[in-house]
Amino acid sequence: MTTVVHVPTAPPVPLLAARGLTVRYGPLVALEGIDLEVAAGELVVVAGESGAGKTTLLRCVAGEVVPAAGDVVRLGEPVVPSRSRRAHDVGIVWQDLALCENLSIADNLALGRERRFLLRSDARVHRAAAETLARFGVRSADTTRNVRSLTRAQRQLLAVARAMLDAPRLLILDEPTGALGAQETAEVEQLIERLHRDGTTILLVSHDLDQMFRLGDRIVVLRNGRLVAEVDPRRAHHEDVVSLMSGQPVDSSARGQLTRLHGLADRLASADRSSSLSLILSTLAAALNVEHLAVHLADGDVLRCAEAVGVPAGLRRSWDDLAIGAAGGPVGLAAATGQPVVVGDARTSPLWAPRRSELEGLGVASSWSVPLSGPGGLLGVVSALRSVPAAPGRDELDLVSLYAGYLAGALERERLFGEVTRRNRVLETVREILQALTGPMPFEQGLATALRALRSGLEAAEVALVMADGSGEERVRVAAGPAGAAPVASALLEAATAALRSARPGELVRRAGGGVMAIPLAAPGGDAALVASWHGPPPGVEGGALLVDAASSLSLALEREAAAQATQETAALRRSRELQRAFLSRLGHELRTPLTGIRGYASSLLQPDVTWDGDSERRFLSRIASESARLGRLVDDLLEFSVIESGILRLSPDWCDLGLVLEAAAACIPLERAGTLRIEPAADLPAVWADHDRLEQVFVNLLDNALRHNPPGTSVAATASAGADGQVVVEVRDDGPPMLPEVAAGLFEPGRRRFAPTAGTGLGLLIAHGIVAAHGGHLELVEEPAGKRFLVVLPVEPHDAHDHEPAGQDAWRALAAPGTAGRP
Amino acid sequence: MSAASALDGVVTRALIVEDDPNIVDLIRANLAVRGFDAVVSSDGTRALQLLEVEQPDIVLLDLMLPEADGLELCREIRERSSVGIIVVSARGGERDKVTALNMGADDYLTKPFSIEELLARIMATLRRSRTPTPPAQLAPVVRAGDVVIDLASQQVTRAGEPVHLTPTEFALLRELASQRGKLLTHAHLLRRVWGHGYETETEYVRVYVRRLRVKLETPGAAPLILTQPRAGYRFVPE
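The listed protein sequences derive, respectively, from chains U and D. Mapping of the first sequence onto our numbering: residues 1 to 824, in sequence order. Mapping of the second sequence onto our numbering: residues 1001 to 1238, in sequence order.
I should point out that these hints are in silico values taken from the structure, not numbers from a laboratory. From the three backbone atoms N, C-alpha and C, an ideal C-beta is built for every residue, glycine too. Certain hints may be false.
If you want the footprint, here are the derived chain D segments under chain U, 3+ residues with CB under 8 Å [unchecked claim]:
| id | segment |
| --- | --- |
| 1 | 1022-1028 |
| 2 | 1052-1060 |
| 3 | 1111-1122 |
| 4 | 1143-1156 |
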């Protein structure tokens, strides 16, 4: 039984204090161990049923009863019980008022104080008495009249007035309005309030609950001679006090139930939806004075425990999923029959047999299960478990039915709200997905964002887009899970595979027995499936609809992306063809230049009408020889470039020390030019998996270019260092004049650049670029305000075998996109 | 061939605009041995200076220069002088050839070339600018509209204003005007104006006819040179 009991903090020096007060009348214990403090100016109501010990307590305070144990301290002095001595600091009005029926009003006022009035004339006595009565609100008082002429209220007021004559600091009132009507009670209460307001400390015994709450600063409740509670009337309810007085729950009291229901309705209106179920349940527990309650909700053909009060985890677990029907115990039976199922003795009922041990552990002896019905039929069952083996009364069952109505209403409200929320979420998610797929972000990123939105919209554990490329191998294109795009569970892939085999695009597949849904979708270049998994049960109709919508959005996006990609590829191909044409044109030029020399000199020597001198002949012949050599180099480079360009460059990789590769390259530079060359590999340089000879060729080209195309004396440095992400960076830098922007722009484009005739074919840099690309790295020119800086970035290990294949493609792409290729 | 330089008893001077030292050496050696004088430049500004100072009889112009646009240089030379220009280029496409002719070149030689070919073209170009007027069997002065062509003095006026023609342009015009009204084939014109071996270079005629039209014809008015598609041209009859 829960009761709100608030104990205000007592002031430091109480006007009245009882400690361990125990009073026995023979074998009867009237009071036992009463501890009570009353502060100055306080109005304390003593409540309790008849025989609870209220009057005995007052008599102790008044000093009329000798306690068996404990003491009472009044105004700082212990109360010494004595019938003879009258305490002037305490005014007491007993229930019987102690008025002398045969004396006048004035005489009654003077009763016990005869000495004071002794020498006064009757007139004076009566005048004084009238004034006194007027002061205490007794009007029209002919004080000479016999008290019998007074109304009950007037007599009560008279008694109070008499008690207050000496202006005591403590006034004790024993049921001052017990015998009065409502109007008269109000008069007396007015007086009490006035005295209280004026600072009188009042100990009031009352049976009137309203009065206690109207007048009292504090209510102390006595039951069977014990002080069972001190109640703050501002915070407690009437029924709390009633229940404390009787020691019985007051839930059967109609008033209490009404108050409770009223409060519940208020709180439900303002409560968070999610807490309404537990709110109703706990209020019902209080209303029935039942400690164990549970609500099961129908979910398909099972009943799931949605909320429970006072049900321990063990029972709750075994109670979580119940079948509808007798197999589900009383709960299942109530759900199946739509009728309340009352088990009077749970210890013997077969319905409880499977869970008997848990019930016994809980001290449960009987149960009631009442079905909840909504507009769509059965919603669930509310069950109460009681510690006594008894069937509920008619009222109690009605009460449960009433609360069941509340529960059904709350559930219906919850369901409707949930439906609206889910619909909104579906719309919101679809909007997010579309936004992500059509927004400015790169496609793959948009795809990932869309899947994340879908995952949160579906409240799924994982969501993945699985692509089948026709080889029978499915792979995850993009996924969203709790840890981002971490590898998805194999169940997801399996579900996708199964869906791809069994269903048509757009056909939703719910996996039997598991929280997985999959839907195949049409995608360019193969089939795809969108698949989602849940830790709990998968969502209902809205979830499925959302997945279907998302699948069609993704399908459209994939198609659009494929089209865009095709357009891009076409453009790249066109550009590539243009570059190839330009390259061939330049190649023609490069081949023609040495040929011009060879043919020109040869034809000169063959001129029939000219006889050349010996020097000229030798010069012509040596030119023919050198131009032939140049032509030979050109053809070699061309073959090499075509190998790279067609992607058939074969590397012989091994673990290479780049420092050694650089040294070897430097050794190939003619000595007369190598004077200003520095090679500086870092000490912590990791070995790289690469083709030593090919890399040497790359560095020879870069070093030779740097030395050859700069004024003599230009210093050239090659440094190598470990870069980020498992890369090694070799930098070839010179302090010569910077490269002209137009030259730099066309550096990796054949056909745009023309080298000096002595500079070889001009293909060297392209070949170097191709070799680096074949290693999975990139070669780039970094723009510098002064000098030139080439970077060769190589992975320590190749990422993937795939990376080697498009090396030639990369070379052309580098050609096709000058200035962007190879940029990090 | 050494007779060429002795044609008028003066030394023929060639301006070689080329950046490849091997080619320069090759051409210069062959011209020198035939009594030609040669001046060389590998850049455009210097070439224009030499054109002014040295007054060459012929220009051998490489289009691929490291720091100049060969075609632009060709146009500038033609603006300043009616000297014979032979473009020597590694680019052998039709388009390249037509562009060079449009820019005022008289001839176009593709690398690699034999020395005989180069010398033959040099001679042909020089001949056009030096060959004395052949005896005029017909009217030495041809009038068509407001254009007056004096075949003897090689003077052309249009509405009384003198029109400046290059030797190649005048050679073509003379060929057409002297056989007025008669259809002259491309091959005939090429052989007569450029020489033997040029019969298939149809573009040459087309480019030069177009140049003549620009200089002599009035847009919208009746043409001076009539086109006979796929055959040739004829000068407007009297």
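To see whether the hints hold, each was checked on the structure:
| no. | hint | verdict |
| --- | --- | --- |
| 1 | 1022-1028 | holds (count 5) |
| 2 | 1052-1060 | violated (count 0) |
| 3 | 1111-1122 | holds (count 7) |
| 4 | 1143-1156 | violated (count 0) |
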